[in-house]
Amino acid sequence: MMKRTFAAALTSATALSGTAALADLNLYCSAQEEWCQIMEKSFEEATGIDVAMTRKSSGETFAQIQAEASNPKGDVWWGGTGDPHLQAAEEDLTEPYVSPMRDQLHPWAIAQAESAGDKTIGIYSGALGFGYNSEMLEKAGLPAPACWEDLTKPEYKGMVQMANPNSSGTAYTTLASMVQMFGEDGGFDYMKRLHANINQYTKSGSAPIKAAGQGETLIGIVFMHDAVATTVAGFPVVTVAPCEGTGYEIGSMSIIKGARNMDEAKAFYDWALSKEAQDLALQVNAFQVMSNVGATKSDKAPDLASIKLIDYDFKKYGSSDERKRLLSKWDTEVSTLPQ
Amino acid sequence: MRTVSLEQTTHPVLIFWIIAGWVGYCILPWYGVEGFWSFEWLVDGWPLDDDYAPAAVLVGVGQKLWLAPMLLALAAPLLVLGRRKTDPLYAQVLIAAGGFGFAWLVAQGLGIGLRGFTAEWLTTLFGTLDDRQFGMGYGAMVTASAFLFLFTHGIAARGAINGDVFVTSAIGGVIAVVTIFVFFPITKMLLAAFATDDGGYSVLGFFPKFFDDRIWGLDCLSGGRCGVAWNSLLLAVLVGVLTTLLGLAFALVLTRSGFRYKRLLRALTVLPIITPPFVIGLAIILLFGLSGTVTTSLAAMFGVEATRWIYGLPGILIAQLLAFTPIAFLVLIGVVEGVSPSMEEAAQTLRANRWQTFRTVSWPLMRPGLANAFLLGFIESMADFGNPLVLGGNFDVLSTEIFFAIVGAQYDQSRAAILAVVLLGFTLGAFYLQRFWLGRKSYTTVTGKGDAGVHPPMPNGLAYPVYAVVALWSAFTLVVYGMILYGSVVQLWGVDDTLTFKHYLTAFRIDWTEDGLRWTGSAWDSFWTTMTIATLAAPLTAAIGLITAYLLTRQTFAGKRAFEFGTMLSFAIPGTVIGVAYILAFNVPPIEITGTGLILVISFIFRNMPVGVRAGIASMSQLDKSLDESSLTLGANSWQTFRAVILPLLRPAILAALVYSFVRAMTAISAVIFLVSARYDMSTSYIIGRVENNDYGLAIAYSTALIFVMLAAVGLLQLLVGRTRIGRRTSHGEIH
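In the order they appear, the protein sequences are chains G and Z. Going from the first sequence to this note's numbering is simple: count from 1 and add 86. Going from the second sequence to this note's numbering is simple: count from 1 and add 16.
Derived by calculation from the structure, the hints in this document are not laboratory data. One should not assume that every hint holds.
[To be verified] Straight line, CA to CA, 27 Å or less: simulated DSSO-like cross-link-like pairs of lysine-lysine: (1) G:415 to Z:225; (2) Z:204 to Z:225; (3) Z:576 to Z:641; (4) Z:576 to Z:204; (5) Z:641 to G:410; (6) G:225 to G:239; (7) G:127 to G:386; (8) G:386 to Z:518; (9) Z:204 to G:410; (10) G:127 to G:383; (11) G:278 to Z:225; (12) G:386 to G:361; (13) G:239 to G:394; (14) G:127 to Z:518; (15) G:361 to G:394; (16) G:415 to G:402; (17) G:278 to G:243; (18) G:278 to G:239.
Quick caveat: nothing in here was measured; it's all calculated off a predicted structure.
Chain Z with its partners taken away, still in its complex shape (with noise of 0.2 Å):
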């Protein structure tokens, strides 16, 4: 079958390449243009005007005369056209022609800045150059791509990965968008940890700064107060711990027992994922805090003085489980649903009580969903900036301590890089941790052979623990929102607790006025702003994310390793440093986006696309690689298993993909507070304003209105995706 393909002198796709290059390079403006979905260039004086010229045209005049050795490498692959694939000249023009095309197209990017060369060595051996230039546009990023697929073209013909050019496409477009948005900022932002004062760099500065008492003191265990770095351990780890629990928790009483109003749990879950930033610390400030209501009346019960006990770990501790338990739940729902309910019953009918297999069969095949889980937890928990700067007292951790280096009243970059690298080490190690754990077992559950029945229900020595603790929580949960919900319609939020909807009008009103439809709540702008921007974001995210999963899990290919640290690497470092790291990569050229809307939607692309690969990872981990032999074996090419067989058994990870990155979209605010600008602001920093303003209703009013926004939006997607049929189980709770 294969065969056939192999007779065919010239792929289609590399045709396209080919002319897409050209294209680039001839056509469309090199540089970057105003706007980038603004289209004036067309009528402004392309294609001769120097500012919206083709690369072609400014060298046929004599301009920017280093784009042309490009044409070069445009041109050779023209000459293996009609040869066959097999043909190793056929590989080795595209190898050559791609590689050396991009090699070229970056080394000038980087070398020829605004001011001419951009490093002292290049100045003095080519002299000094009177030309310069700006930030690449459509044409150079066409251009790249062709070449980088050219290469990748020349790689499968040459036999790598099967000779499967769909699948050596995407590990080297993957890598390139992670090269460029996620290791290039990052090296930046890290290079200032080995700054010193005097703008030089030194090794030795490094460790004394790094091993500082601050970061690493253990007095606290002889009554003082230990260092950032153990404190966010600490936390960490519980929480990884916690949420994985909690979620499961959750996820078994979804699947694995009569409950009846399971999509009203399931909401529940959703809530606190969907909640922006600092309201859950405000919410639990009002009922745990020093005046809180809970507080007080347990004060006034026992008798005893009310203490500022929740400032420090409890709070932190309490409003991270909140926030993040619906990441574990989100994991392991999926994780759960798959393992497949033969198995168990295989175990039944070889006379294991309900509880062996629960304990023997069940839950060792969730492993890779707890693992994940708690890997997201730990992670998240590390990063997160929002609940420990409202309830972290004077428990210092990282994520703050990095935020206040660059912000606050010291402004020292090189001791955030520091904190920085300390954080990612333990990020990383979880990482490690985490892969010891599973190890090679295999988790394969989904297999396509005949896979009836439905999942035995939870032994009841586990049922009832996991009932009381599923109940507390969601009672919890619900008070916390009814404080959020109650905190958005009165006057002033514990002080003056006078109805009125005057928030939500100051926000969100609309006028009628003779133009038509006029806008006038103060809200309006960022909200649409980040309406829009969530929505680019999210499918984005879902696809680069799921297919990354594909690769990690199916293929296998020199690097691998290093590569799933890569796209881990964006979702282990706190959005501060990311968003100082983006401006500092991308406010020159030769990517220049600081100050547009572009460089949000690429920030919350890198940023959350582990969620979709670590969910991915944790569905494909079941699905049985016969699945794809068979699509295979059957003459189907790589894409189209992808696509027809892979894809649909995803569904659950690609719901968890679209609305995590959706929703993050719209709740981030670390990154998003340095990226934001006057043409984009974001909903979080508008939001954080009001708070920073006391203007603490409008705040809640907003972010209420957002929580119902989101909710909508998450039911949307879910219609749209649509659900996973596995086999032909039904759950418990439709069959009652």
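Pulled out of the complex, with its shape left as it was, chain G reads as follows (with noise of 0.2 Å):
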């Protein structure tokens, strides 16, 4: 039944040019704005495959792909947390594909493809940590948070700042890190201490650092590479990989299933783990760790190997199962607690 689906939104997209679009390649991206322009226009130049790009929020993107599911519009899906590439690689909304490229890529995204039935592969990759304004810390007077541990102390209450685990992917991350990190009643015990300290769960899971850098909350978990970008546009912000080790999210890449321009998308996800296309990154400031193992690293980008990196199980936890369980666990033991 499903095949003959798939042949026919295949046959009705090449029969009835219909609605379809004029581009060769429909590419839906999740990473930054520029990170995305300078892919699309880098690979039209590579290829002359003519691009039509659109960029949302993973969490947006993948909405879309699993409401267009039964006549998808787009071809491939390029950036943006690994998890709901991963989702969509369960509900079999993207298609396998394994790439001549793979040799040259890091074991932890060919790991993270294989988990995945090769229905998406990591690009890129970064760790988990925080970033403080040191011009509000030092009128403060407070001293330099270094590990996870120090943002319970009770110096730091009300200055805390992280997103909520139910919005978004970061605080998923941030959770399933501590559970793997300090097993799973230690983890529920470090978020409820580290809960009296929080000022705010934002919505969105790179909403902390800004705050951080506009000065409207001391310390913000985020990304590392999202505390460095803020760093790098001007503000007061400094990064830090805590001392107890992190997890870390691979951001990833997937054919959409039913694609209309198969070849064309799966040219584009050739080129995408390329050393050339994964060397764009330096020049829009994304300070995330590449797949291709010769790509360029930036100095002023979180180096993997310092950073005491768990061994994230990306399979178990980020599956739904597993993620509605954590954060129903989390939603009732956790944020109906008192600040």
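Take the two lone chains, each set in its own frame, and fit them into one complex as the hints suggest.
What follows is the structure, given as structure tokens:
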């Protein structure tokens, strides 16, 4: 049944030029705007394939792909945190593909692809951490935090901000990392102690570090590359790699099942894993670690080798069952506590 | 007089629709072609190519045979062409043909999709269908309209609405489009509220999810946190009441005082409505946030510690008051102007003092305006999404919860749908409360009888507090906009205050090269798309809104309440839900328009139409029915009456609808974010991309530029529509 559906969708796309877009490749992009644009332009220059790009956050893109499942409009989905990509793979919304570029990649990228039945692949990774506003810290005369444990100290009461794990993938990664680092009981105990210091659970994942930049909070828990980007944008933010070690995300790429331009989608997929394509990140101040082994590293980027990364179990903690369980536990046991 | 038209054998409009039906069926491509406005199909194999063939050709070569029965419905009206309107057969044939044709067209569209039959039971009934069809195109659209209007002609001929063809057709048309673009997508979305995890539907599963503590919890009474439903309700009531009062204060100063700089004040009240989302929120943070100018200086002055007091209810409330007071003002100014001075003069002749006159005459006559202003403020606040996102702190409201239930880490569509049901319940509750308060009284004041005179000034006891409020609020608005303008010309807002124009250059650069002008700024693409879509959507919105208002105030017909409810529905549901509902409903045949500019235009029309309807109703309930009646007695039909009598008196409402829909098309974000595509990106979604990326300067510069563009557009609209001269009134300002 599924196969026929798929074939019908494909033929419908080619037979009836109907409402199919005019471009040769429809790219859904979930990274930052400039990065998406430079990827679009450079791919067009490299291959002559005309690209129509739409930029949306990974959650929105996932919702759109889900809604469009019976009549896909996009071909390839590039960028954005790995969990929605994994979930799309789980829900059979994306197409398995083994790229010839695979031997040039870091092991963590390949491991992620294998865990998802080759339906997605890592293009960059970024470690979780936090950043603080150095001017505020000095004014308040407080010590600089260096570890996760520091964030629960009473002197930072009402000064730490993180996103709400219910709405943000970044915050969910934080929760899942704590559970993996300290065990389920220890992890939740940590979240409870941290809760006492939190001034706000924001909706969006990178909001806490922007608030820190503007002096609206002292500390924001975010991905380290977001903190570095805030510093580079001119804000007085210092990035910290927590001493206990930390979890990380893998920014991913998937081909959408039933893509109308399958060949072009694969061409983009292969190109996006090349060193040339991945070096573009530096031009747009994206400080993630790229998945191609040969990709150039920025001196401003947090060096993944110097950060203690935990062995993050993407398959388990990316699955919707585990996610639902942890989130509802966080909802009932942590978020309801008095602050 | 009327008998003359009855003697005529056939209405020319009927002939037009019969021809339209045949053209749609036999000449135009039946299915959707690439690009609504592209006419490439004319030279690309039409009419024989399968993709572009009209229905008649498809049926003729033995394809898509399910389209054939419509021929009957097209042929039948030809039989009654020679008959009189009073002949019962005339009405019966038209009703049967139009009704059957339309029903069949809809049924085949819904029943047969991309993969043959769309429902299991159709396959069991008729066996597997080895054919399929795509989204409907021009042909289907024209033929469907033809069937619809044949049907309404038939209904009119049977004597409904006094045999008035214009009114029956207008009712039929509005019901059809509202059903397709409001009820249909929302039903699809709400079905998700009953969805279970395994893909089925269950009514029982709905209740535990609906009565969840996170929605209805009352812990805040005992020191904890309350459910989102209560938060939203509290906020919306506060915003509704306060925006109405503020809007009224501005309207009173403009109409009933000797204040000199009315134009300036008017421009000031319009400013917030033309401000793209997030910008007001950012300015408020820079003023009142933990490191904000006001907070830090107050903290230093009084020796207290700066706090994050703005995050939560206070912040959202301030931002929403700034944003929505203009809407209340736009509704109220028409009503306050419309209250007839003769009534107030009558009161004064009867020795009422100015205060008594205001309290017993002017105020009660303003009630429809007050109620409508409150309703709009309430609904806007419920559906607002940008301000709570920036300033909400830990004060969760329904609209953001819905958004993050859909796009957040949980992807819980059914929770989103349930929250949408709660939100809808509140807005409908407010709607009925408003009707209850207005009751069945008459608010007619514009009668066409002698209506000279000017509005008496406000009584002093009222005037001083009103002046104070208006002065304070204007000053505050100016400060906020000063901050925004400043933010667009500094290097990095809040950190590096070096003056620079680089943000404007990045966004709106134009280069002069050998090939001519090159729009190299990064904002141009989304800017032109937005302008085009806003320009297309505004007049359509105003037209549909005012026709609907006319039907609701001037005509009585069965199901009027349900009809009125339907027109308010899309406004009461937050844009996010509309966005997802539109994707679910219009990504597959029979109507396949996602990824086009058309879906953006349509979503704006139906989201903003209620403002046209409300403004129209408020103004029209002040126009005495005797005006219509005298026009009808003099032999005009209802269309002529609408065009020549009602429309000119409705200029304030038309302006309100045009301005509002144009501006909303340029500033709305929540529905848009789901509907934009690579080819059709809108300004707001571009701006949010910049904000997400720490690029505040560019975002604010773009927003500032948009504000000026919209100011110009609003001024232009005002010139085009012109002012209504009701009676021979002049305002006080012009006398002085």
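With a cut-off of 27 Å on the C-alpha distance, tell me whether residue 576 of chain Z and residue 204 of chain Z pass. holds (24 Å)
Within a Cα-Cα threshold of 27 Å, do residue 278 of chain G and residue 239 of chain G meet the stated pairing? Judged against 27 Å, a Cα distance of about 12 Å means the pair holds.
Next pair to validate is residue 576 of chain Z with residue 641 of chain Z; report whether the Cα-Cα distance is within 27 Å. At roughly 18 Å apart (the allowed maximum being 27 Å), residue 641 of chain Z and residue 576 of chain Z satisfy the hint.
Given the hinted pair residue 415 of chain G and residue 225 of chain Z, is their Cα-Cα distance within 27 Å? Within the cut-off at roughly 17 Å; holds.
Please work out if residue 278 of chain G and residue 225 of chain Z have their alpha carbons no farther apart than 27 Å. holds (26 Å)
Pair hint outcome, residue 641 of chain Z versus residue 410 of chain G [Cα-Cα no greater than 27 Å]: At roughly 60 Å apart (the allowed maximum being 27 Å), residue 410 of chain G and residue 641 of chain Z break the hint.
27 Å limit on alpha-carbon distance, applied to hinted pair residue 127 of chain G and residue 518 of chain Z: Distance ~23 Å between residue 127 of chain G and residue 518 of chain Z Cα, so the pair holds.
Restraint status (C-alpha distance of residue 204 of chain Z to residue 225 of chain Z at most 27 Å): holds (19 Å)
For residue 278 of chain G and residue 243 of chain G, compute the direct alpha-carbon distance and say whether it is at most 27 Å. Distance of about 13 Å is within 27 Å: holds.
Can you confirm whether the C-alpha distance between residue 361 of chain G and residue 394 of chain G stays at or below 27 Å? holds (25 Å)
Within a Cα-Cα threshold of 27 Å, do residue 225 of chain G and residue 239 of chain G meet the stated pairing? At roughly 18 Å apart (the allowed maximum being 27 Å), residue 239 of chain G and residue 225 of chain G satisfy the hint.
Is the Cα-Cα distance between residue 239 of chain G and residue 394 of chain G 27 Å or less? Satisfied, since the Cα-Cα distance of roughly 22 Å is no more than 27 Å.
Hint check: a violation occurs at hint 5 only; the rest are consistent with the structure.
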